[in-house]
Amino acid sequence: NNPEDTHYIIGSVVGPHPYPDMVARFQSVISEEVKWQLQEKTGRDHPDIVMACVGGGSNAAGIYYHYLDRPEVRLVAVEAAGLGIHSGESAATSVLGSAGIIHGSKTLLMQTADGQIIEPYSISAGLDYPGIGPLHAHLIQSGRAEAISITDAQALQAAYHLTRIEGIIPALESAHAFAALDHLAYREGDVIVINLSGRGDKDLETYIKHLPDHA
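According to this note's numbering, the residues represented by the sequence shown are 15 to 229, in order.
You may find that some hints are simply not true.
[Claimed, not checked] Derived Cβ-Cβ restraints for the label pairs, each shown as a range:
| id | residue 1 | residue 2 | range |
| --- | --- | --- | --- |
| 1 | Trp50 | His100 | 14 to 24 Å |
| 2 | Ile179 | Pro226 | 16 to 26 Å |
| 3 | Gly102 | Ile182 | 15 to 25 Å |
| 4 | Gly203 | Gly129 | 41 to 51 Å |
| 5 | Ile179 | Lys223 | 20 to 30 Å |
| 6 | Gly102 | Lys223 | 36 to 46 Å |
| 7 | Glu54 | Asp128 | 46 to 56 Å |
Keep in mind that the hints were calculated from the coordinates and are not lab data.
Note that the Cβ used here is the ideal one computed from N, Cα and C, for glycine as well.
Please build the complete structure, drawing on both the sequences and the hints.
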């Protein structure tokens, strides 16, 4: 009721400045931890490739943060293709989006010709967003980051695979990032960091429901 002095602060890198920048700085602890863990395990502080799922993009902003100015590090943003990029049931903003305004910022947005928001879809609630953080829109459009779109079925398969071989149940959001590894060209010996941004406890009902299709 008081738009002049009331502000909605969302926990992602979306919305008007300075909120996306604040969230990215807070989340930068992720790439800070990656740096010291890699230094400890490999003797260097940077990977060859960093991968993360992107809805609004807070976890991706955090794991990219300390590598934004390191061109030798490939940044990979993984979006939700839902039932297929062009199925009408998707959230692949980098492919389907165009410049628009949402939540107070200009970014890539899934919208109709007259600017109405198109309802996105993903099996993952955290990736079910019609836009993308302005930072990620810039990174993708400038070529600094590359985008990969992953379907529901591919994400589910990756989640079951990770659970079987590592005993780790990933969140559906994170499962998209793991699935993208099968669609990425890389060299033998590359150090690849995938951000496991959430645990799958919250998604167990969905995993159990779809398990017969992937057994």
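We went through each hint and held it up to the structure:
1. For the hinted restraint 14 to 24 Å between Trp50 and His100, the CB-CB distance of approximately 42 Å leaves it violated.
2. Checking the proposed 16 to 26 Å range against Ile179 and Pro226 shows it holds: the Cβ atoms sit about 20 Å from each other.
3. A C-beta distance of roughly 33 Å is found between Gly102 and Ile182, which places it outside the suggested range of 15 to 25 Å.
4. For Gly203 and Gly129, the Cβ-Cβ distance of about 47 Å falls inside the hinted range of 41 to 51 Å, so the restraint holds.
5. Remark: the range hint 20 to 30 Å for Ile179 to Lys223 is upheld by a beta-carbon distance near 22 Å.
6. For Gly102 paired with Lys223, a C-beta distance near 22 Å fails the hint of 36 to 46 Å.
7. Between Glu54 and Asp128 the beta carbon distance is about 54 Å. The supplied range of 46 to 56 Å therefore holds.
Going down the numbered hints, you'll see the structure goes against 1, 3 and 6, while the others check out.
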